[in-house]
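Trainee: Knowing the structure of chain L, use the given hints to seat chains X and D on it.
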Amino acid sequence: MAFLGSRLLPRVCRANGNGLLGSLRLASSKEFVSVEKREDKIAVVSLNRAPVNALNYPLLSELANTFTELEDDRAVKSIIVASNVPGIYSAGLDILEMYQATDESARRFWKSLQDMWLSLYACTKPTVAAINGASPAGGCLIACACDYRVMAESNKYTIGLNETKLSIVAPFWFMDTYVATIGQRSAERALILGSLFSPTDALKIGLVDEVVASDQVMERATAECLQHMKIPNAARVMTKRQVREHIVERFEAGRENDVDMFAAFVLQDSVQAGLGRYLEALKAKSK
Amino acid sequence: MAFLGSRLLPRVCRANGNGLLGSLRLASSKEFVSVEKREDKIAVVSLNRAPVNALNYPLLSELANTFTELEDDRAVKSIIVASNVPGIYSAGLDILEMYQATDESARRFWKSLQDMWLSLYACTKPTVAAINGASPAGGCLIACACDYRVMAESNKYTIGLNETKLSIVAPFWFMDTYVATIGQRSAERALILGSLFSPTDALKIGLVDEVVASDQVMERATAECLQHMKIPNAARVMTKRQVREHIVERFEAGRENDVDMFAAFVLQDSVQAGLGRYLEALKAKSK
Amino acid sequence: MAFLGSRLLPRVCRANGNGLLGSLRLASSKEFVSVEKREDKIAVVSLNRAPVNALNYPLLSELANTFTELEDDRAVKSIIVASNVPGIYSAGLDILEMYQATDESARRFWKSLQDMWLSLYACTKPTVAAINGASPAGGCLIACACDYRVMAESNKYTIGLNETKLSIVAPFWFMDTYVATIGQRSAERALILGSLFSPTDALKIGLVDEVVASDQVMERATAECLQHMKIPNAARVMTKRQVREHIVERFEAGRENDVDMFAAFVLQDSVQAGLGRYLEALKAKSK
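Chains as they are written, first to last, in the numbering used here: chain L, 6 to 292; chain X, 6 to 292; chain D, 6 to 292.
Same shape as in the complex, but just chain L (with noise of 0.2 Å):
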């Protein structure tokens, strides 16, 4: 098991717990994402893929395909953003998606990534991350991809946009998300540096918008969902839309570049080589 941003992980993400959300009934199940819909119309979404939510393919779209579902099941008035990982929010993008890579992978495995994203921060209905754990990389952008931020208080966690210290770069449209959520100048500097926020740092900055303890994560996640719930919700989604649509032109404009752009990025020899080695270091330390 490899993943970005694996050193940067609390300890705590190796072991494999219970899950803190293990009460949870399931109203259905995938492989690496489970759906709870409540009586209160809101589903929790929870990433499942232990030990540290790496996004892999599969995952993210089922993710996806979950996002997409939800959209359109009456049922459902609302989406929190969970996982069932103890101390892991996500820890990014899955390094084994892209070490020996072909190019149909690489493509298929962006793609993945785009539309989840697209189907998460497009979606209509209001959406919370409940955010229980680490979040650096592709875990920062899922929650900044919902309407709303609660992270656990925790010394132990931080969130950001971290690929530059990977050697990585971050996608324009991660940064386009990253801006709206803190503005240019705070999205700046954190981007160039791979900035890692503790929760105290990120609520300054606006990155989440709320801390709180562990255990009152999901009621202040309901809590917003059902604030939303309240507004007509025809006039809600319309300007919901509105507000985002410059963003996601943007990246409607440009994904398919994008896609090219990461699938002859990762198949260089020279990163391909930098991979191997930076997963040769991972076995060594895990031994």
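In case anyone wonders, no lab produced these hints; they're calculated from the structure.
Pairs count within a copy or across copies, as identical chains cannot be separated in the list.
As a list, the in silico SDA-like pairs of lysine to any residue whose alpha-carbon atoms are at most 20 Å apart:
hint : residue 1 : residue 2
1    : Lys209    : Arg190
2    : Lys82     : Ala228
3    : Lys235    : Tyr283
4    : Lys209    : Ser191
5    : Lys209    : Arg194
Mentor: Same frame as chain L, but now just chains X and D:
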């Protein structure tokens, strides 16, 4: 008398007062707008349509004409936009302009709203909103179109684009103005939830620039005008134009389509039925 | 010696000191710019045109050339932009480049300003402004083009784009840089009023990132450079490029027209007469 947002306004709004600004010497007068050209070369434009300054076609046209006239009036160096109605800045758009509208009347109404906004937002003279009362929806738009906002401290007054709560959608140029004032992230959540902010909260997110005691509002608005009037005029004018240009350009590019969309929206049977029920409920309430 | 903004500078500026940075070992030298290539692989570029580092064609050209050379210098990993003149970062554009200018000289001057900005703003190496003195107008532009700004605490120093107060208009790319740094709303008012901020106020609105004692400025700027230098380089470079790309693209699209506008503006009889009066007043004052 009916208006969007009526149920959100403090009770004081429904009382017809003598006018806080009743002592002003009026230099020119229209039906729903009073203009005082003061000796300090500041023109005070006051909305004057009791009980709540609901923005109907005549009021909006008069405002647009007033701002355009003042633009060309060499004796006027700055404009304060205020209200003659105690406790109310403006309650927003007049719903009677939408109920049983014809295609022609709907278009005329919406164009007058566009003209009012453009004549204020692109006004080359310094403009300051003296917000001495509730300022939801269209009231907030007027305030945000000015260069500076001074609001009276009061636990009865709120300000914000609360359109979603009224089942309507703020047009794109309302949203652009809001984003330019408080930033993408704050605007996004406030627009989706239709948030109304207390003066103190509005100050925190930058929706207003100053909160002072009610009897200090005009004095502080005047001070801000005088500060702008000290700046070499040609440079100030060109700078204001340049820094707002991208928003004016987006508006110009979309304004015709915006009228089409409004007319198509408001003339739908379902919308007319909803407006009818809303007006019935208001009547029942006021008995 | 005349310069825009002279009357706004603290008295200390007019004294010619020994140079706070006089102990630097100069690795290369030009007429108005000194470059120290330090052992830590950080190049310190210091403006060196007493009494106020007024930005004339030679100084701007030397700066542009310096940044371009350092871009290609493999021994240099980061750049600090500082001043050799005590109490002054830079007083901004040299008014003598505008007075009695020809079309050719005006264009040459303005292009050198554009080149200087672009070579710094788009520099792929980490750049930090060590602001140990007054930094109005063009001085503020240089600071904002860097990745990070450290300013000395002092009640004598201010920073800001104060062009309107000098009867001129900041070009669109000054404004874009300002908006990217402090956001649309803060930039709008600061540009219109030509605001100059104390170090403390500049910190509050995000115009500078750190305010420290004067003798700590270089140390803190160095620390920021070292932080950037730890980031994998290719990823850092591509990220910086990507996140600033929209501003560079707007600049490229408008730069020719910007030169035309400047030349047309400055060669007007009325502007020349104004500049003449301004220079006379400065002369009278200095007697």
